[in-house]
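Colleague: Next come the chains, spelled out residue by residue.
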Amino acid sequence: MIRRRRWVLAAAFWAAAGLTLPASASFQQPQTPQNDPAQTQEQTDKDKKDKKKDTKDSKKTQGQPQGQGQGQGQPQQNQGQGQAQPSKPATQPGSKPAPLFGGSLNLKSSRQSKDVATLGFNGLDPNGQVQKGFLTAAATGADTARAQQVTRTTVNQEELTAFLQEGSLNPQAAAARAEGR
Amino acid sequence: MRTKLIAVTVLLASLLFSLPAAAQLGDIIKKAQKVKKAVDIYTPWTPEQETAIGEASAAKMINIFGLYEDPQMVKYVNLVGNAVARQGVRGVQFHFGILDTEAVTAVSLPGGYVFLTRGALANMKNEAELAGTLAHEIAHVDRRHLEKQVRTQKTINFAKEEAASRVPAGAQLIAIAGEVIKNALTMQVSRDGENEADKVGMDLAARAGYNAGGLRDFLQVLAAASANEANRRQLGLWGSTHPPLADRVAALTSQMANYPTEGQSLTERFNWYVNPLTFNRGPAPAAAAAPAAPSGGGGGIEVDGVVRNGAIVLQGVKLPDGTKVKVRIVQ
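Chains A and B, in that order, are what the protein sequence lines are. So that you can map any letter, position 29 of the first sequence is 28 in numbering that gives the first Met the number 0, and since no number is skipped, the others follow by simple counting. So that you can map any letter, position 85 of the second sequence is 84 in numbering that gives the first Met the number 0, and since no number is skipped, the others follow by simple counting.
One thing to keep in mind: the hints can contain errors.
[Said to hold, decoys possible] Here are the simulated DSSO-like cross-link-like pairs (lysine-lysine), alpha carbons at most 27 Å apart as the crow flies:
id, chain 1, residue 1, chain 2, residue 2
1, A, 131, B, 147
2, A, 131, B, 74
3, B, 198, B, 124
4, B, 124, B, 74
5, B, 30, B, 124
Hints listed in this document are in silico derivations from the structure and should not be mistaken for laboratory results. Everything numeric in this text was worked out from a predicted model, so none of it was measured.
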């Protein structure tokens, strides 16, 4: 008798589990395809789009330099790891954009002789657009250090006051505006 | 009998909970995810998020263009920027840097990072133009224009999945910085955003005591230069990220009527800091031409100059290439 009870209970649980599992699977697909043909078509289209997107993403990932999107890196850890980065445009003697100084409406160049300056258009193609390789490359530790240097460059109140006085500028500061949007 | 009752109850309960409830729960979770995504898109970054994203984006910007590190010139740009920024923006600490490229542009990033290029500085005539340009970028940061643009990008996992208060780090931070830079360098801020930045920027510069027409004057130079195809490389970046120059010049000109005309231009000070010799600049308009005076039997001219960074910077005059000079030190 006890065995029979156990058997019945076991069967009931087994049946319950059998019913529950497929129902749980439908948790992410709330409606079965055969119930709604329009929904089915929509789902198929969505799947196609997703597939296309996946293919695009995987292509992008293949084209990305090492260190980008690999989930292992703070920028400062990238320095010196030999990651593939597009090389900065080399300044070649003769490759200077000649038109800069010619004509009456030309812009002025800021070429100068300091060691820290490069002579030319860093990161730009002949149309003045950013080279794609540079857009996808990750910043190095040296770049992060320079960004932190920019962060640290501040002016103190005394310097600013003297600067404003010297230029006859407005010495009064407005109160910081509360963000209302 | 009791066993059967339990078995039937279990079966019924499982049926009851498995089908409709799970489906309902799935719907609820999906809706909750949609709501959360919408909230994330419209929730501004916290100051901590903004700072982290801004610094990572600045590093990437420097990776592309390099940083021009003349301490005096960088300090000067920071002084002008701070003079403008203190005229009433939300509580952001601004940081100004010079990018090492001939291209003419200025870019602002979240967290108060504002960059302009050597090319831009080389084509400005006075401090009011610099202040106007920086004020425009400060207004972009103040009104979170770029941030809003990035937050609405559906590909950003940050906007979709992460809790609003979490400060991104590691690969996620790199990805967001990449999106920020892509937006800043390849996409145009909306026309409304650009107009707002022009308007707010002019207001900030004027309230700081500068000539309100600084940005307008600089844009006029660029508009004239952009007519020449030869300047395509120098102005390409500006053109792809800003609305047409002529429209903006017209709008700024009409807006200038609301401001006093006695604002400062500070040409001489600008020429002093933005090294006129190394930046190939002509004589400062404010300075009178050096008086021609015969000097000891040579029949030459005497000009004023000062030593800066080991080089002699002439004041008030530019000599033609090949001019022979003798230097007499005057204490």
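Colleague: Are residue 131(A) and residue 147(B) close enough, with their CA atoms no more than 27 Å apart?
Modeller: holds (23 Å)
Colleague: Is residue 124(B) close enough to residue 74(B), meaning Cα to Cα at most 27 Å?
Modeller: Holds: residue 124(B) and residue 74(B) sit about 18 Å apart, inside 27 Å.
Colleague: Does the alpha-carbon distance linking residue 131(A) and residue 74(B) stay inside the 27 Å limit?
Modeller: violated (32 Å)
Colleague: Need the status of pair residue 30(B), residue 124(B): alpha-carbon distance at most 27 Å?
Modeller: Answer violated: residue 30(B) to residue 124(B) is near 56 Å, above 27 Å.
Colleague: When you check the alpha-carbon spacing of residue 198(B) and residue 124(B), does it fall within 27 Å?
Modeller: holds (21 Å)
Hint violations for this structure: numbers 2, 5, all remaining hints satisfied.
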